[in-house]
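Colleague: In order, the protein sequences belong to chains G and C. Numbers 37 to 378, taken from the numbering used here, label the letters of the first sequence in order. Numbers 37 to 378, taken from the numbering used here, label the letters of the second sequence in order.
Certain hints may be false.
[As the list claims (entries may be wrong)] Quick list of simulated restraints, FRET-style, between CB atoms:
(1) C/Thr41 <-> G/Ile213: 53 to 61 Å
(2) G/Ile213 <-> C/Pro126: 46 to 54 Å
(3) C/Asn344 <-> G/Pro75: 53 to 61 Å
(4) G/Lys244 <-> C/Asp132: 53 to 61 Å
(5) C/Arg309 <-> G/Lys320: 36 to 44 Å
(6) G/Asp71 <-> C/Arg135: 38 to 46 Å
(7) G/Lys244 <-> C/Tyr249: 20 to 28 Å
(8) G/Arg68 <-> C/Ser112: 21 to 29 Å
(9) G/Asp368 <-> C/Arg247: 31 to 39 Å
(10) G/Arg68 <-> C/Glu304: 44 to 52 Å
(11) G/Ala184 <-> C/Asp132: 41 to 49 Å
(12) C/Ile213 <-> G/Arg68: 48 to 56 Å
(13) C/Lys320 <-> G/Gly243: 33 to 41 Å
Just so you know, these hints were derived from the structure itself, not from any lab. Bear in mind the structure is a predicted one, so any value in this text is a computation, not a measurement. A virtual CB, placed ideally from N, CA and C, is assigned to each residue, including glycine.
2 protein chains.
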Amino acid sequence: MVYETYGEPNEDKSNVIVVCHAFSGSHHAAGRYDDDKKPGWWDALIGDGKAVDTTKYYVICVNVIGSCYGTTGPKSENPKTGRAYGLKFPVITIRDMVRAQKTLFARLGIFKAKAIIGGSMGGMQALSFAVEYPDFAKIVIPMAATHATSPWVIALNKVAQSALLADPAFDNGNYDIEEIRQNGLPGLSAARMAGYLGYISPGGMSGKFGRNYVANDGLFELFGQFEVERYLDYNGNNFVKWFDPLSLLYLTKAINIFDISYGYDTLEDALARIESSLYLLSFKGDTMFFPSEMQNIAKIMQKQGRENVSYICIDSDYGHDAFLVEVEKFADLVADILEGKV
Amino acid sequence: MVYETYGEPNEDKSNVIVVCHAFSGSHHAAGRYDDDKKPGWWDALIGDGKAVDTTKYYVICVNVIGSCYGTTGPKSENPKTGRAYGLKFPVITIRDMVRAQKTLFARLGIFKAKAIIGGSMGGMQALSFAVEYPDFAKIVIPMAATHATSPWVIALNKVAQSALLADPAFDNGNYDIEEIRQNGLPGLSAARMAGYLGYISPGGMSGKFGRNYVANDGLFELFGQFEVERYLDYNGNNFVKWFDPLSLLYLTKAINIFDISYGYDTLEDALARIESSLYLLSFKGDTMFFPSEMQNIAKIMQKQGRENVSYICIDSDYGHDAFLVEVEKFADLVADILEGKV
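Looking at chain G on its own, in the form it has when it is part of the complex (with noise of 0.2 Å):
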């Protein structure tokens, strides 16, 4: 397992904020190394003085098993055959995930966290410690998720596997990873394209894009250009640059097997387990996870009697994405969150 940390523990480790990222982030959720052309994926939030304020809190991100920054995944290498795990390496699930950060966090010495907070696949993981430990965390903020994954989101994932399989260079898995970030993988790409249309919203996409067409001849060509056309492009083949085909498959399949209710009677039995106290942050014009699903979460423990519990709906059109690129909206709530001010 591969992680970062910002900040500093004191003396009786109660200032550990853990920060779980979402399906195609990393450990590398602030700051900024010498090669890197943006710095962290989070690092309008975290930082000396900011909202989750490294002066203050010792800040952890661990990347996710199945991904691929550094963490075993599909591309690890299988010890019994010395060559890559590829499909079969196993389906794995969010619990997985928070259930293997736990365990490095006790190798760390770490046993108890000031907060977590995470936003989309890391709301989930955020949600998943709240209900599987919950004497872990004091505070639990899970932004831009849901309880139980929907149906429309299974088929948007299921929109991106199926793009991925349809380029035989994926070629089951055994592709060469230096190779296709050399020579592209465009069902890849396509794939991520795919995602975009959850992570902004359609009002977010006419904000951002409207209709303009950027041919520079005004003609209309078959393949494209408009600006939203070009947006998708450019983020489709840059994505096959920095992440794995094996990962979507299986963080997406994590993600859609997610159910914060699974192995218990009914969800309402999951949420009773909670003892942190849980703020959920919703965005208002969020069309992959929707505010409601959210809000559900409340309204049950509400009628559980709970009173350490919040919904939150952040005003903003822009869509999921939010929660990565709108952080002024939240920021001062999650610094207010963390001082106990609400």
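Model the placement of chain C on the given structure of chain G, informed by the hints.
Modeller: Below, chain C alone, put in the same frame as chain G:
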């Protein structure tokens, strides 16, 4: 151009109803041939005693140019080369489709229509008829469409196109159609699946599929099978047997570039040309062409002091495909419009 008719023209041909088909539709709108597995795509609406009553009306439906059911399209033979046009087929527009139909109608001695009706890409054609040929139809009923395709739909189509192009068996449009019908074309299947992200709404998917898991052993396997995944697999694989990859590219392009104001100074100017009584029908749960887009047309025209324009939002959570699968929700309304009762 290939077309079907239903019913008989009356003496002065004042009972003609033009039906416009959608992206994957054809001229076979109603009735059932001996070897049909299913009747025509709007058979629930069109027929003797049905809402579009073929004992009263003479109904005509034309396969659009660019499609693959007999009318000239990219797989038609280019008389200059003796081979299929392939990617040399020109980009076509909704307006081209409409102009071609108008020309055909003139050849058939049809110079006026009682009504034009169509959904989705068919709704775009209906609207285009109304703007381009203001004196052609008394009544125009565009359903589940828009005045200008949104970046959201362009993005959806981009994912479909990219998935298709990621499959090298597409071979720059030089595939043998019989061969791919035999062997499949995974890129085209994935493209079709992308379409369903627009055809069925998130809420529609929850109602239709939920999180039902269909694997016999109940164990999670990497490649499925939630019910929604199986549905997409089935429809994606099946699509290859009855549609054409190049037509997908050309028709999605025609949809993307559709803007009823194109060639006019403003949208207002374009809409001001309309003389027909316009009935704009939307479905509440349509997450492909949102009701607000159709409502916008009505608002503009009402601001212009027009009285012969109505916007009607039909209560349905299913999504865009409601115009095909929930005919019972609007059949009476269409009958009343045609009878002059609305």
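Colleague: Range first: 53 to 61 Å. Now tell me if the beta carbons of C/Asn344 and G/Pro75 are that far apart.
Modeller: Taking Cβ atoms as reference, C/Asn344 and G/Pro75 lie about 58 Å apart, which means the hint holds.
Colleague: At the C-beta level, are G/Ile213 and C/Pro126 separated by a distance inside 46 to 54 Å?
Modeller: Violated, since G/Ile213 and C/Pro126 (Cβ atoms, about 41 Å apart) do not stay within the stated range.
Colleague: G/Arg68 and C/Ser112, beta-carbon distance inside 21 to 29 Å?
Modeller: violated (56 Å)
Colleague: Should the hint that G/Asp368 and C/Arg247 are 31 to 39 Å apart at their CB atoms be regarded as holding?
Modeller: holds (36 Å)
Colleague: Regarding C/Ile213 and G/Arg68, is the given constraint of 48 to 56 Å on their beta-carbon distance met?
Modeller: holds (52 Å)
Colleague: Could you check the hint for me, namely that G/Lys244 and C/Tyr249 are 20 to 28 Å apart, CB to CB?
Modeller: For C/Tyr249 against G/Lys244, whose Cβ atoms are near 36 Å apart, the range 20 to 28 Å is violated.
Colleague: 44 to 52 Å was suggested as the range; check whether the CB atoms of G/Arg68 and C/Glu304 agree with it.
Modeller: holds (50 Å)
Colleague: Could you check the hint for me, namely that C/Thr41 and G/Ile213 are 53 to 61 Å apart, CB to CB?
Modeller: Roughly 58 Å apart at Cβ, these two residues keep to the hinted range, so it holds.
Colleague: Is the hinted range of 38 to 46 Å satisfied by the C-beta distance from G/Asp71 to C/Arg135?
Modeller: Violated - the Cβ-Cβ distance for G/Asp71 and C/Arg135, about 57 Å, lies outside 38 to 46 Å.
Colleague: Does the Cβ distance between C/Lys320 and G/Gly243 fall inside 33 to 41 Å?
Modeller: violated (23 Å)
Colleague: Starting from the hint 36 to 44 Å, judge whether the C-beta atoms of C/Arg309 and G/Lys320 obey it.
Modeller: Because 38 Å falls inside the window, the suggested range holds.
Colleague: For G/Lys244 and C/Asp132, compare the CB-CB distance with the range 53 to 61 Å and indicate the outcome.
Modeller: violated (30 Å)
The structure is inconsistent with the numbered hints 2, 4, 6, 7, 8, 13, although it conforms to all the rest.
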